[in-house]
Amino acid sequence: MLKQRSLFWIYFKKNRLAIAGASTISVIFLIAIFAHLIAPFDPGETDIAIKLAPPSFKHPLGTDQLGRDVFSRMLYGSRVSLSVGLVAVSISLFIGIIVGSIAGYYGKMVDSVLMRFVDIMMCFPAFFLMLTIIALLGPKIHHVMIVIGATSWMGTARFVRAEFLSLRERDFVQAAKVLGVSDKRIIFRHMLPNALAPVFVTATIDMATAILIEASLSFLGFGVQPPAPSWGNILTEGRIYIFDAWWLTLFPGLAILIIVLSFNLFGEGLRDALDPRLREEGIK
Amino acid sequence: MTNQLLKVDSLKTHFFTESGVIRAVEGVSFEIMPGETLGLVGESGCGKTVTGLSILRLIPTPPGRILDGKILFNGTDLLDLSELEMREIRGGKISMIFQEPMTSLNPVFTVGDQITETITVHKPVGKREARKRAIELLKLVEIPNPEERLFSYPHQLSGGMRQRVMIAMAIACNPHLLIADEPTTALDVTIQVQILELLRELKERFRMSLIFITHDLGVVAQIADRIAVMYAGRIFEYGSARQIFKHAKNPYTKGLLRSIPVFECEKKYLNVIPGEVPDPSNLPEGCKFFPRCYLAIPECRKGEPTFQVEEGHWSRCIRWKEV
Numbered sequence: 001m002l003k004q005r006s007l008f009w010i011y012f013k014k015n016r017l018a019i020a021g022a023s024t025i026s027v028i029f030l031i032a033i034f035a036h037l038i039a040p041f042d043p044g045e046t047d048i049a050i051k052l053a054p055p056s057f058k059h060p061l062g063t064d065q066l067g068r069d070v071f072s073r074m075l076y077g078s079r080v081s082l083s084v085g086l087v088a089v090s091i092s093l094f095i096g097i098i099v100g101s102i103a104g105y106y107g108k109m110v111d112s113v114l115m116r117f118v119d120i121m122m123c124f125p126a127f128f129l130m131l132t133i134i135a136l137l138g139p140k141i142h143h144v145m146i147v148i149g150a151t152s153w154m155g156t157a158r159f160v161r162a163e164f165l166s167l168r169e170r171d172f173v174q175a176a177k178v179l180g181v182s183d184k185r186i187i188f189r190h191m192l193p194n195a196l197a198p199v200f201v202t203a204t205i206d207m208a209t210a211i212l213i214e215a216s217l218s219f220l221g222f223g224v225q226p227p228a229p230s231w232g233n234i235l236t237e238g239r240i241y242i243f244d245a246w247w248l249t250l251f252p253g254l255a256i257l258i259i260v261l262s263f264n265l266f267g268e269g270l271r272d273a274l275d276p277r278l279r280e281e282g283i284k
Numbered sequence: 001m002t003n004q005l006l007k008v009d010s011l012k013t014h015f016f017t018e019s020g021v022i023r024a025v026e027g028v029s030f031e032i033m034p035g036e037t038l039g040l041v042g043e044s045g046c047g048k049t050v051t052g053l054s055i056l057r058l059i060p061t062p063p064g065r066i067l068d069g070k071i072l073f074n075g076t077d078l079l080d081l082s083e084l085e086m087r088e089i090r091g092g093k094i095s096m097i098f099q100e101p102m103t104s105l106n107p108v109f110t111v112g113d114q115i116t117e118t119i120t121v122h123k124p125v126g127k128r129e130a131r132k133r134a135i136e137l138l139k140l141v142e143i144p145n146p147e148e149r150l151f152s153y154p155h156q157l158s159g160g161m162r163q164r165v166m167i168a169m170a171i172a173c174n175p176h177l178l179i180a181d182e183p184t185t186a187l188d189v190t191i192q193v194q195i196l197e198l199l200r201e202l203k204e205r206f207r208m209s210l211i212f213i214t215h216d217l218g219v220v221a222q223i224a225d226r227i228a229v230m231y232a233g234r235i236f237e238y239g240s241a242r243q244i245f246k247h248a249k250n251p252y253t254k255g256l257l258r259s260i261p262v263f264e265c266e267k268k269y270l271n272v273i274p275g276e277v278p279d280p281s282n283l284p285e286g287c288k289f290f291p292r293c294y295l296a297i298p299e300c301r302k303g304e305p306t307f308q309v310e311e312g313h314w315s316r317c318i319r320w321k322e323v
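Chains P and D, in that order, give the protein sequences. Letter by letter, the first sequence follows residues 1 to 284 of our numbering. Letter by letter, the second sequence follows residues 1 to 323 of our numbering.
Source of the hints: derived by calculation from the structure; they are not laboratory data. Do not rely on the hints blindly, as some may be mistaken.
Stated by the list, open to error - Calculated lysine to any residue pairs in the SDA-like style (CA-CA distance at most 25 Å, straight line):
#1 D:203 with D:36
#2 D:123 with P:174
#3 P:184 with D:58
#4 P:51 with P:30
#5 D:93 with D:68
#6 D:93 with P:170
#7 D:127 with P:65
#8 P:108 with D:81
#9 D:7 with D:36
#10 P:184 with D:124
#11 P:184 with D:79
#12 P:108 with D:126
#13 P:184 with D:65
#14 P:184 with D:59
#15 D:127 with P:212
#16 P:184 with D:139
#17 D:139 with D:126
#18 P:140 with P:212
#19 P:184 with D:120
#20 D:302 with D:278
Build the full structure now, drawing on both the sequences and the hints.
Here you go:
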């Protein structure tokens, strides 16, 4: 009998776009981790003499208005994007899984109350809510992480709840109850691992959204503050020189596009490979 | 008669649904001695499973509720216990196994993990010790290569093997009572016999009592000491296995016994009880079996009294003498 895991691989490998997405993500992760080794210059090192220099061998992506190497700044900027994405998604998963599993497992009143709360959260225009909170708390990278996480868990909560509603009726849950296992253990040890596959898919796609939001916040000046580099604020600074120095806006823009696209492709590939109904269509 | 392990006294479990009240269990009483096996027999939907789940207080509430009755286990009424005390009883003192071994095991954990979990939930033992015990249990339920099987996932096992694993989990803490809810129904006939044999062996070995829920009188004949025949939430006939099989005094029991297929017979047709199980939210007046009964007389509509046929043998039929 084929193992579930190897079956998943067979289907995932067939999806070229997903593989491309996954490899790009891995490369970007490596770049972020080893940015200090790869970067030819210090990202904060200024040299007015070579300001706004176009791409060359020495500065592959050119320099900015203070003569800083854009390539090095971009490499360091990837750390911001990925860490914001990872932390924000972890926060949103944490809240979403707890709210969703409690709502789905206990049902009835608990479910109604929690799900109405989710509805209320979803009614807020999330981006303006984030801007307001950051304006109040002050623009710091960990505020950005928390705010993105705390405003994007609702989808996960709904997903987990739906999974739990169906898992709750399964025989093995009943069997665990019969054997005297506590509710907490049933929720986290028995049901949650069975609900994780679709959660991972949403988490991957949420990663893309979180990165995009961080870039937008930084672009508006509410995210990572200069001189610390982030793709969003490199883009903002370059905006003024867009007609004189196209490289200042093109490359960070491209980087955001590529990373968001990669996460989306990877997430969709995961979803297709994990969903047996979509698998069959794939075979035909 | 004071040392019964379990005494269920006029248990009433109803379900309050939007389409009306379903009286799933309506005044069921029986008792089980230590080491004894009670066969709970009846058609689908007669309240057998609900009775079993009521004993463990696992009726989904709402819509279900235990309205009345007592469930005395070693003298204490389980209906008075707190949820926490009940959790210690479940799996520790009373266990249950289900009909569907295919879905009763968690697909994402190994067999070993699931057995050791049951042990560590109830006993303060370390991982290693629990693992040792798990191997012992797998040996006990006659699974070959228990050391390797510990690392198998449920999907790598056959139905019979999974039911053995379920049994191993259920008896992990040496319960006094095992409720087996149609444990052989989903299995092949040959495997059925093996599982029955295994249950009987384990019961003898640990002096465990057994409630065997089934619709198959043939199965119950092989294992039960006493039999309770249920219909529409009521016990229609109650007695020792011998009394029920040799001297059934209830037309419903008779009907069930006649419906057992006989291999050597020359007849072309299988005997059946005419009609269907009545809608549980809309039961007939008086005797609930009246519309399907071959002995029905107008008096049957007036009430449903129970008569003592002989010592320990009861029948809920006013014409029991003529059965």
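Right, here's what the structure says about each hint:
| no. | hint | in the structure |
| --- | --- | --- |
| 1 | D:203 with D:36 | holds, 9 Å |
| 2 | D:123 with P:174 | holds, 21 Å |
| 3 | P:184 with D:58 | holds, 17 Å |
| 4 | P:51 with P:30 | violated, 29 Å |
| 5 | D:93 with D:68 | holds, 23 Å |
| 6 | D:93 with P:170 | holds, 24 Å |
| 7 | D:127 with P:65 | violated, 63 Å |
| 8 | P:108 with D:81 | holds, 24 Å |
| 9 | D:7 with D:36 | holds, 13 Å |
| 10 | P:184 with D:124 | holds, 18 Å |
| 11 | P:184 with D:79 | holds, 23 Å |
| 12 | P:108 with D:126 | violated, 37 Å |
| 13 | P:184 with D:65 | holds, 24 Å |
| 14 | P:184 with D:59 | holds, 19 Å |
| 15 | D:127 with P:212 | violated, 46 Å |
| 16 | P:184 with D:139 | violated, 31 Å |
| 17 | D:139 with D:126 | holds, 20 Å |
| 18 | P:140 with P:212 | holds, 17 Å |
| 19 | P:184 with D:120 | holds, 15 Å |
| 20 | D:302 with D:278 | holds, 18 Å |
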